[in-house]
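S.K.: Which chain is which? The protein sequence lines are V and P, in order. Residue 1 is where the first sequence starts when you use our numbering, and the numbers rise one by one after that. Residue 315 is where the second sequence starts when you use our numbering, and the numbers rise one by one after that.
One should not assume that every hint holds.
[Claimed, not checked] With a straight-line Cα cutoff of 25 Å, these simulated DMTMM-like cross-link-like pairs (lysine to aspartate or glutamate) come out:
#	chain 1	residue 1	chain 2	residue 2
1	V	Lys129	V	Glu210
2	V	Lys27	P	Glu572
3	P	Lys567	V	Glu60
4	V	Lys123	V	Glu29
5	V	Lys208	P	Glu572
6	V	Lys308	P	Glu415
7	P	Lys420	V	Glu29
8	P	Lys338	V	Glu210
9	P	Lys601	V	Glu29
10	V	Lys157	P	Glu572
11	V	Lys27	P	Glu481
12	P	Lys338	V	Glu163
13	P	Lys329	V	Glu133
14	V	Lys308	P	Glu481
15	P	Lys601	V	Asp122
16	P	Lys338	V	Asp188
17	P	Lys567	P	Glu554
[As the list claims (entries may be wrong)] What follows is a list of derived Cβ distance ranges for each label pair:
#	chain 1	residue 1	chain 2	residue 2	range
18	V	Gly203	P	Ile360	47 to 53 Å
19	V	Glu199	P	Val423	52 to 58 Å
20	P	Arg484	V	Ile38	39 to 45 Å
21	V	Glu75	P	Lys601	57 to 63 Å
22	P	Asn339	V	Gly203	20 to 26 Å
23	P	Pro401	V	Asp274	41 to 47 Å
24	P	Leu340	V	Ile35	38 to 44 Å
[What the hints assert, rightly or not] Residues of chain P placed beyond 12 Å of chain V at every Cβ, according to the derived structure:
#	residue
25	His320
26	Ser377
27	Leu396
28	Thr448
29	Leu518
30	Gly550
31	Leu552
32	Glu554
FYI, nobody ran anything at the bench for these hints, they're computed from the structure. This structure is a prediction, so every number in the text was calculated from the model and none was measured. Positions of the beta carbon are idealized from the N, C-alpha and C atoms, including for glycine.
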Amino acid sequence: MVSQKREKSLDVQQMIADKKNKGLGRKAEKLVPTILFITAAVSVLTTIGIVFTLIFETIEFFRRVSFWEYITGTEWLPFAGEPSYGILPLVLGTLKVTGIAIVVAVPLGLAVAIYLSEFASDKVRRVIKPILEVLAGVPTIVYGFFALTFVTPMLQKIFPSLEIFNALSPGLIIGLMILPTIASLSEDALSSVPNAMREGALGLGSTKLEVALKIILPAALSGVLASVVLAMSRAIGETMIVSLAGGSTPLFNFDVTGSIQTMTAYIVQVSTGDAGYGTTIYYSIYAVGFTLFIFTLIMNLIASWISKRFREEY
Amino acid sequence: MAYINHEVVERQMTKRRTKNTVFKNLFLGATLLALLALVVLMYRMITQGAGYLSLDFLQNFSSRFPEKAGISAGLVGSLAMLAVVTPVSLFLGVGAAIYLEEYAKKNKVTTFIQMNISNLAGVPSIVFGLLGLTIFVRMLGMGKSILAAGLTMSLLILPVIIVAAQEAVRSVPGSLREASYGMGATKWQTIYKVVLPAAIPGILTGSILALSRAIGETAPLVVIGIPVIVQFLPDGILSEFTALPMLIFDWAKRPQEEFQYVAAAGILVLMMLLIFMNSIAVFIRNKFQNRY
């Protein structure tokens, strides 16, 4: 009996050993983490690639154009006989559009978030939230076309002095585009405030509005602020809407009814034009791209800093 | 002696309750306004574009004459690009997600990779275009090809796919893994045969949404220099091509009014493609929801 058992257990061990040595098994087991690590490293390589391409080509640009002129100049005339490269008009164009978008999107987005989180029933929320997410999924080229062919003519009826290309119409539409970002992320922040706080305030006789504005919103402020900053960063980097409806006139003024040019729209203008490889204009799109990259990077870092620094743990 | 002055309470309470109702309706109004904007947008595209949408429109190449303009080169080009983006971004994205969730130790390198991914998600798409132009089009000499555009788009949507896949992998219950280890499976066997199959619905849902973003993106293609006047269908991944949003962009910029309708028709084709992809994602999500 005893010897039989031993033979059997030896058999099993033999089978395990056979199985282990069979085929690629062992090697694959050691190779897989390395391969997977490489795939994870691709994202890091992408960042390095972006930073290095931008830096190298921007350095070439600053060999030809003075850095001081670039960051303080108020004239952006790269196609003129005597070109001048002052980034401020492009930055101002970007900020005008972003400002309008934020003015539209923050109150609306917050209202939607508060409604969905504090007033709407579960059923309503489950219907409305996915529909709002469709707004975020509409390609920006579609929004651009809509701004140019519908919003601008409609606004021209209200403000006859509005030009075909202006800052107002793309600003409004970018506001619509980033609205779901603010609404959805803020709603997540508001709903994650524990129910006990709501019940406590309601029990003391507050109305739902008072609970929302005085208890829930302050408690979720970090998440709400982070969503606004993220939305701003998306507005700054938005390209097709401003290319189609914003125009291509980089002017250093605070007028929103006239044609403008944003940093992104300039890159598109050069890319669709026939500026040859190696010209100063060609390198200028990298300098502008680098400026844009720094703007959005700062925004993203602020957003993640806010949500870490001011997070209230319940 | 009454501790509560009912008259004062009554007066204040009415005021507060009115305020509550007014604001509730304001918030509801804001929500409906956002939905209305979506409806108006859809309505405009359909009324403008439906007249130009025909079988000829799907079969013709772009043209100087609005009535002859068609979208075939863009439609085929976009789908061909998707054929590059799908395998590349899925392989890289799912691989990275599995590494981060199953293999990576909690150390500085992992934190760095994770932070890098979330920052990469915030980089504007046009900057990815500059990357693609420099690295793929010029340095690696791919030209304005499907491959160059596809690789650029893959990198663009990679962070979205990684995050979606990470969530899917994370939501596979630990008991499944333990059962698999208990049966003597190795780590890779467990991941390949247990974790991945359980996570696939979640991965697919997130990835299809990311892929539909790649279809609609225009800015990187513009920067790479994808042409719009293309009178042939692509014949390989190194072939020059044009894409749906590029054609729409070109038509929308033209001064003749008829081209606006052509652009709207193009938008309808693009939107139908996106709705089709999104409904697949919704279908997968509903079919496999809450299996554990």
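S.K.: Now tell me, hint by hint, if it's right for this structure.
M.R.: Hints, verified against the model:
1. Lys129(V) - Glu210(V): 24 Å, holds
2. Lys27(V) - Glu572(P): Roughly 63 Å separates the two Cα atoms, so the pair is violated.
3. Lys567(P) - Glu60(V): 32 Å, violated
4. Lys123(V) - Glu29(V): 48 Å, violated
5. Lys208(V) - Glu572(P): Violated, at roughly 52 Å.
6. Lys308(V) - Glu415(P): The hint holds at about 22 Å.
7. Lys420(P) - Glu29(V): 21 Å, holds
8. Lys338(P) - Glu210(V): Judged against 25 Å, a Cα distance of about 11 Å means the pair holds.
9. Lys601(P) - Glu29(V): 33 Å, violated
10. Lys157(V) - Glu572(P): With a Cα-Cα distance of about 22 Å, the restraint between Lys157(V) and Glu572(P) holds, given a limit of 25 Å.
11. Lys27(V) - Glu481(P): It is violated: about 29 Å lies between the C-alpha atoms, which goes past 25 Å.
12. Lys338(P) - Glu163(V): 37 Å, violated
13. Lys329(P) - Glu133(V): 36 Å, violated
14. Lys308(V) - Glu481(P): Cα-Cα ~20 Å, so holds.
15. Lys601(P) - Asp122(V): Judged against 25 Å, a Cα distance of about 21 Å means the pair holds.
16. Lys338(P) - Asp188(V): 19 Å, holds
17. Lys567(P) - Glu554(P): Holds, at about 22 Å.
18. Gly203(V) - Ile360(P): 47 to 53 Å: 50 Å, holds
19. Glu199(V) - Val423(P): 52 to 58 Å: 44 Å, violated
20. Arg484(P) - Ile38(V): 39 to 45 Å: 21 Å, violated
21. Glu75(V) - Lys601(P): 57 to 63 Å: About 59 Å separates the Cβ atoms of Glu75(V) and Lys601(P), which means 57 to 63 Å holds.
22. Asn339(P) - Gly203(V): 20 to 26 Å: For Gly203(V) against Asn339(P), whose Cβ atoms are near 25 Å apart, the range 20 to 26 Å holds.
23. Pro401(P) - Asp274(V): 41 to 47 Å: 35 Å Cβ-Cβ, so the 41 to 47 Å window is violated.
24. Leu340(P) - Ile35(V): 38 to 44 Å: 55 Å, violated
25. His320: 14 Å, holds
26. Ser377: 19 Å, holds
27. Leu396: 14 Å, holds
28. Thr448: 4 Å, violated
29. Leu518: 17 Å, holds
30. Gly550: 24 Å, holds
31. Leu552: 20 Å, holds
32. Glu554: Glu554(P) clear of chain V: closest Cβ-Cβ about 16 Å, beyond 12 Å.
Checked against the numbered hints above, the structure breaks hints 2, 3, 4, 5, 9, 11, 12, 13, 19, 20, 23, 24 and 28 and satisfies the rest.
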